[in-house]
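So for the sequence shown, the numbering used here puts the first residue at 1; every next one is plus one.
Calculated directly from the structure, the hints in this document are not laboratory data.
Careful, some of the hints might be misleading.
[What the hints assert, rightly or not] What follows is a set of in silico ranges between Cβ atoms, one per label pair, in the way DEER data are often shown:
id : residue 1 : residue 2 : range
1  : Asp-28    : Asp-244   : 32 to 40 Å
2  : Ala-62    : Asp-96    : 18 to 26 Å
3  : Ala-213   : Asp-165   : 44 to 52 Å
4  : Pro-16    : Asp-92    : 29 to 37 Å
5  : Asp-244   : Arg-155   : 41 to 49 Å
6  : Ala-21    : Arg-229   : 47 to 55 Å
7  : Pro-178   : Asp-47    : 37 to 45 Å
8  : Pro-13    : Glu-171   : 23 to 31 Å
9  : Glu-171   : Ala-140   : 20 to 28 Å
10 : Glu-215   : Pro-164   : 42 to 50 Å
11 : Ile-157   : Cys-237   : 38 to 46 Å
12 : Ser-49    : Ser-239   : 14 to 22 Å
13 : Ala-126   : Arg-286   : 43 to 51 Å
14 : Ala-86    : Pro-280   : 40 to 48 Å
It should be emphasised that the depicted structure is a prediction, and the values quoted were computed from it without experimental measurement.
Heads up, the beta-carbon is just placed ideally off N, CA and C, and yes, glycines get one too.
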Amino acid sequence: MAPSRDPVAPSFPPLPPLNSAAADDVLDGHLWLIELIDGTGIRFRMDESGLLRFAGPDGAFADDDAVPPRLRPAVRHVRSRFDREALRDAVDDPTDVAFFGVATHCRRIDYDWDRIPPFLGTDVWAGTGDRFRPPDAAAAIFEGTGLDAVDAVDREIPARDFDPDAYEVPESAWYDGPAAGAVVRNKRGDRGRLVREDFDDGSAGSGGDEAPAVETLAAEYAADERLERYRKTVERCGSPATVDALADRVVEAAAREAPVRIRAETGRSRADGTGGGSHPIVDAGRLRTAAVERVRAFLDEGPESR
Numbered sequence: 001m002a003p004s005r006d007p008v009a010p011s012f013p014p015l016p017p018l019n020s021a022a023a024d025d026v027l028d029g030h031l032w033l034i035e036l037i038d039g040t041g042i043r044f045r046m047d048e049s050g051l052l053r054f055a056g057p058d059g060a061f062a063d064d065d066a067v068p069p070r071l072r073p074a075v076r077h078v079r080s081r082f083d084r085e086a087l088r089d090a091v092d093d094p095t096d097v098a099f100f101g102v103a104t105h106c107r108r109i110d111y112d113w114d115r116i117p118p119f120l121g122t123d124v125w126a127g128t129g130d131r132f133r134p135p136d137a138a139a140a141i142f143e144g145t146g147l148d149a150v151d152a153v154d155r156e157i158p159a160r161d162f163d164p165d166a167y168e169v170p171e172s173a174w175y176d177g178p179a180a181g182a183v184v185r186n187k188r189g190d191r192g193r194l195v196r197e198d199f200d201d202g203s204a205g206s207g208g209d210e211a212p213a214v215e216t217l218a219a220e221y222a223a224d225e226r227l228e229r230y231r232k233t234v235e236r237c238g239s240p241a242t243v244d245a246l247a248d249r250v251v252e253a254a255a256r257e258a259p260v261r262i263r264a265e266t267g268r269s270r271a272d273g274t275g276g277g278s279h280p281i282v283d284a285g286r287l288r289t290a291a292v293e294r295v296r297a298f299l300d301e302g303p304e305s306r
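Model the full structure from these sequences, guided by the hints.
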């Protein structure tokens with residue numbers, strides 16, 4: 001059955017536990033096993049003008065300011081990497097194609113953040129056929145449009161040869177440790193998840209953790225070597241490396257990598273779909289203020305002093 005549509009893209013495909021009744025149809029035909037990434041689902045579609053419109057688990061984002069800070073690196077990454085002309089050349093109506101993936105950020109697993117992309121593609125929905133593309137086709141589409149897809153652990157395994165009870169979750173491609181689990185898919189689009197036994201599949205973090213001081217976060221994420229990296233990235237994209245631009249990068253990097261929840265409004269609960277509800281909360285405005293001081297000092301020094 002086709003997923004429901006919203007202004008941005010079809011809804012996320014269900015991913016029930018493989019041992020549940022909802023996943024009864026998965027173990028049929030030939031299977032693909034894909035690393036389960038511990039992050040937040042994000043989806044997007046290109047409109048006729050070439051603008052990419054994004055949504056999270058709870059619905060579409062009205063604009064980039066509405067995107068939770070920890071998801072902004074993924075949105076920025078897709079905007080800068082996505083090859084719009086490649087999509088236009090490949091299909092008659094690019095607006096009929098919806099892309100799904102995972103925004104990678106700190107929930108339960110501390111990935112190698114320099115190695116794992118901010119966005120990893122998982123699915124492609126072709127509206128003309130009202131279906132999700134098979135996993136091999138989806139991976140090729142992501143590659144063709146300039147984005148990385150999640151890693152396939154095994155391909156084309158006959159379902160009769162696959163024993164979920166005996167399956168051992170492999171090492172992750174994105175840090176030195178085991179994957180969160182595996183997504184098991186057949187080519188009809190049915191899927192289910194296998195999660196390793198010692199992995200908490202609920203909320204992330206420890207409710208008793210104390211939030212780090214904003215000065216501590218700023219010292220780590222606005223260190224000179226990081227600011228130099230942000231400066232080069234901003235300028236490579238054709239924008240000036242202003243105080244505001246680099247301070248934004250500091251807040252976004254901390255939101256993505258640190259085991260905290262950085263919110264623009266700490267006084268109001270907001271369901272942003274990012275999970276990790278028991279991580280300690282840090283005010284984005286206070287962190288940005290601390291970052292601005294460090295960014296301004298960095299830019300005032302000039303490259304000759306570094």
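Now for the hints, and whether the structure bears them out:
| no. | hint | verdict |
| --- | --- | --- |
| 1 | Asp-28 x Asp-244: 32 to 40 Å | violated, 53 Å |
| 2 | Ala-62 x Asp-96: 18 to 26 Å | holds, 23 Å |
| 3 | Ala-213 x Asp-165: 44 to 52 Å | holds, 47 Å |
| 4 | Pro-16 x Asp-92: 29 to 37 Å | holds, 34 Å |
| 5 | Asp-244 x Arg-155: 41 to 49 Å | holds, 46 Å |
| 6 | Ala-21 x Arg-229: 47 to 55 Å | holds, 48 Å |
| 7 | Pro-178 x Asp-47: 37 to 45 Å | holds, 40 Å |
| 8 | Pro-13 x Glu-171: 23 to 31 Å | holds, 26 Å |
| 9 | Glu-171 x Ala-140: 20 to 28 Å | holds, 25 Å |
| 10 | Glu-215 x Pro-164: 42 to 50 Å | holds, 48 Å |
| 11 | Ile-157 x Cys-237: 38 to 46 Å | holds, 41 Å |
| 12 | Ser-49 x Ser-239: 14 to 22 Å | holds, 21 Å |
| 13 | Ala-126 x Arg-286: 43 to 51 Å | holds, 45 Å |
| 14 | Ala-86 x Pro-280: 40 to 48 Å | holds, 42 Å |
Hint 1 from the list above is the single one not met by this structure.
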